[in-house]
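Chains A and B, in that order, are what the protein sequence lines are.
Under numbering that gives the first Met the number 0, the first residue of the first sequence is numbered 0, with each subsequent residue one higher.
Under numbering that gives the first Met the number 0, the first residue of the second sequence is numbered 0, with each subsequent residue one higher.
Treat the hints with caution; some may be incorrect.
Stated by the list, open to error - Under the rule of at most 20 Å between Cα atoms (straight-line distance), these lysine to any residue pairs were calculated in the SDA-like manner:
| id | chain 1 | residue 1 | chain 2 | residue 2 |
| --- | --- | --- | --- | --- |
| 1 | B | Lys377 | A | His220 |
| 2 | B | Lys122 | B | Gly63 |
| 3 | B | Lys333 | A | Ser244 |
No lab work stands behind these hints, which were simulated from the structure alone.
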Amino acid sequence: MIRYEFVPRAQPSTGALVIVPILTVALSILCGTALFYILDKPAGVAFYAFFIEPFLSNYTLSEIAIKAAPLILIAQGLAIGFRARVWNIGAEGQLTIGAICAGLIPITWPQSDNVLMLPAMILVGALTGMVWAAIAAALRTAFNASEIIVTLMLNAIAAQILVYLINGPLKDPRGFSFPQSVPFPDVALYPLLIEDSFLRANVSIYIVLALSLLAWIYVRHSFSGFRLLVSGLAPAAAHYAGFSSNRAVWISLLVGGAAAGLAGVGEISGPIGKLQPILSPAYGFAAIIVAFLGGLNPIGIVVAGFFMAVIYVGADGAVLSAGLPASAPIVFQGLILVFYLASHTLVNFELRRIGGTKGTA
Amino acid sequence: MTISKCSPLLELRNVTKRYGDFIANDAINLTVHAGDIHAILGENGAGKSTLMKTIFGVHQPDEGDILWKDVPVQITNPAQARDLGIGMVFQHFSLFETISVAENISLTIPAPLSDLVKQIRAKGEAFGLPVNPQASVHGLSVGERQRVEIIRCLLQEPELLILDEPTSVLPPPAIENLFATLRTLSVNGIAILYISHKLEEIRALCDQATILRSGAVTGTADPKKTNAKDLATLMIGQDIPQPTHPKTRMNGAPQLTLNQLNYRDPNPNIVALKDINLTVRAGEIVGIAGVSGNGQLTLARLISGEDILTRDHASSIQMQGQPVGHLPPNARRKRGLSFVPEDRLGRGAAPLMSISNNGLLTGHRLGLVKNGLIQRSKRDSFAENCITAMNVQTQGVQALASSLSGGNLQKYIVAREMAVNPLLMVVAQPTWGIDVGAATLVHQRLIGLRDNGTAILVISEDIEELFEISDRLTVMYDGRLSNPVSTCNATCEQIGQMMMGQFAASLEAAE
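Construct the entire structure; sequences and hints are all you get.
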C-alpha cells in the first residue's frame, strides 16, 4: 500500500511562500468555475464580471478604493495580532462599536459645522473599538478565556446594540420609521477624492495607506513588534526571554480593535453617512482572509486588500450580468480561505511518498 | 503449551541496536523466567528503554536473537508482542481523559462494554487494583490511572509484563500497593521486567537485576544481596575525571539562595520540589546531578522565572539576598541573571528566526534597541561577536537558528548569555547532544566566567561533566536536593548512591 505523508520541512520553503497565494487564487478560480458550471451559469461571463469589469470604469475603480480601505485597515490590525498567534475574530463587532460611538457625535450635533468633528470621530471610533476588543483581552489574561470565542460572541452583541439603538434612542424622528439615524453633517464626512463628482471614493484610502506604512515600520523595525513575533513563532522562547504573553495579548487585541473601530468610522463617514442596521458587508471577517492572503505582511496585505475589494465589486456585477446568486461572493471568499489554509501547509511541510506498511505476523 | 520451570520465558542473545554510529544496545543478553521479577537498572541513556521497546516490538534489533519460550521470534510490532503474551505499561499514560475507564479499555480490547466492566472488576479484585470501570478518567488520580493501564495489559492475559519507571509518578502509599500487585502477579506465574533507577525499590521488589551502562550490560546481581556501592559502580562506572582547574576561593557573596523552596506543579505527573536549600556564591560553579525527571526542569524554570512563586513565598528564591521568587524573567535578568535552558530550539532560541534576531532575544539590554526601534547594525554586530567568541559555525547572522547544528546553536546561546556579563548564570544540560570539541569549549568558558566572579549553577545528567567543572556537587532526587559536597572530596559511589535516592550517605559525607 502506497501512502503519502506530510513531513515537516527543516526550514520553511521560501518558494512556497510565493507559490501559496498564486495556488490559492488559481484553485479558487478553478473551483468557482466548476460551481458556476454546476449552477448552469456562464463561467466566462461570471469571471469577466468578477475580475475584468471592475477595472473598466471610474465608478468601479472608486468602489474598489472604498472597499479596499476598510479591508486593508482591519487586516493590518489583525495581522499584528495573528503574528503573535492572538486570534481576534471580532473585528466586525469592534467596527460596529467604533461606528456607533463615533456616530454619537454627529447624531448629537447634526447641524454642526465644526471641522473638528471628523477628527473627533476618528479618535472616538478607534478608542471604542479598542475598548470592545479589550473585553476579550481582559477575559483572556484574567481567566484564560479563548479570545476566539469571546471576540466572536462580542460581534453578535455589538450587532444587537446597533439594532436596538437605531430602532430606539438614535432613530431619526423624521426618517419615516426607517431604522436609521439622522444623516450626518458634511463636517462628519471624509472629503471625496474628487470633489463634486459622483464617485464615492474618499481620502480615507490615503489614511489607510499611511497606516499601512506605519504597520510596516512596527512589524519590521520595532522591538515591540519583534516581541510579538517571537510570542507567535516560539512561545516558549518568548517566555524564556521574559516577553510577557499577557502583554502580547493586550497589544494584539488593542491594535486590532483600534483598526477595526477606525474602519467603522470610515464607513459611516464615507459611503453610508449615517448609522443603519448594516454597516459593513462583513469586512471584519473578509479582513481575516486578507490578512492571511497577504502573508501577514503589511505590503502583502495592501495587495490582498485590493484583490478582495475587486471580488466585492466584481461580485455585484456578476450577480447582475451572469445571474449569480447573491451569496456567490461569500462562497468565493470561503474558497479562497480554505485553499489558502490548505496550500499553506506546503510552506512548513513537504509531501513525501512512503512505502507500504508491513503486515502483522 | 506448558513450560517447565527451568526453561526461560524470554531470552535475549547478543541483541544489538544501532542508530547510525550510536550503539544504543550492545550485545545484550537477558534471561527471564516465568514468575521472575527482574530489574533493569541504569542511568538515563543507558539503553533501558531501547531494550524494552525492542522486546515490545516497537523496533527491531540489528543483530542478535529474541527467544520466546525457546522459539526464536521476530517481533515486528506491539500488536504481535501482545499476541505473544507481552504487555507493557509505559511511563506516560495513554488514556483519554473525557471517557470512562471501561470505554478507554474497549478501544484496545474488542468486547461489549458490560462484559468489560465485569472483567475490569474481576481483574481488579484478583490483583488488588481497585478501579471503578464507569469512572471518567479525568477524575482519577495518577495511581488510579496507572492501575487502569495495568488492568488493560492484564486483560490480554500476558505472561510477561514490562513496566517502565512505574513509580516515577506515584506517591509513596501507591507504590506499596503497586508492589503488592506485582508480587501477586509474580506468584501467579507472570514475569515482570521492571525498569528503574531507584535502588531501594529494586531491593524491595526484585529477585534479579541486570545493570546497563552506555548500552551494554555491566553486570547482573541479586539486588537484595549486593550492596549499594557495588550497584552504583556498575551503574555509573568508576572512571570519573578529577577537576583540572584551580579551586575556587569559596568566599564570594551569595548570588543565588534557595531557602526552603517548595513547589508543586499543577500537572500531577511532575515531581514536586520539597524543602530545597542551596547557596551559589560568586566565583564558584555548583553542579546539580541526578537522573532526569527528579524535579530538575521545574527547579530551572523557577530560578529563571519562567515559573513564578506567589509573593508570600518570594523569599524562597533570592538573588543577592533579595527575594525574587515572584518576579518574571526580565526582572530577574535585570538583576544579573542569565540562563541557558536545556531546550535550545524553541526555548533558548526561536527556530524560525535569524541568528541575529535570536541575539536580540536576551541581548536587547545591551543598547540594541533605541526609542523602541531595533538598531539593526548593532544587533548584527552583537550576533557577530557571539559567533566569534565561541567559534560558531554558521552561514552568517541571517541564517535561521534551526539551520545550525545542536552544538553550534548551544555555543551561540552560551555566548549570548555570557555576553550580558551575568552575576548569576544558570546552565541546564550545557553539553547535551553536542560534540566533544564544543563541549570542551563550553566548559572552558564556564570556568573562565567563574574566575571572573560569576556565580554559576550547572544542572546536568552527565556526572563526568559535573565532576570536571563543579566546585561543589549536589544531587537531586524525587524533588529533594542533597547537601552539597566539595567535588574534590566526592566519590562516584557516593554520588551514584545519592542518584538512587540514598541521601543518608550524603548526609554522612557532609559531616
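>> Output the indices of the hints that this structure fails to meet, ascending.
In response: 2
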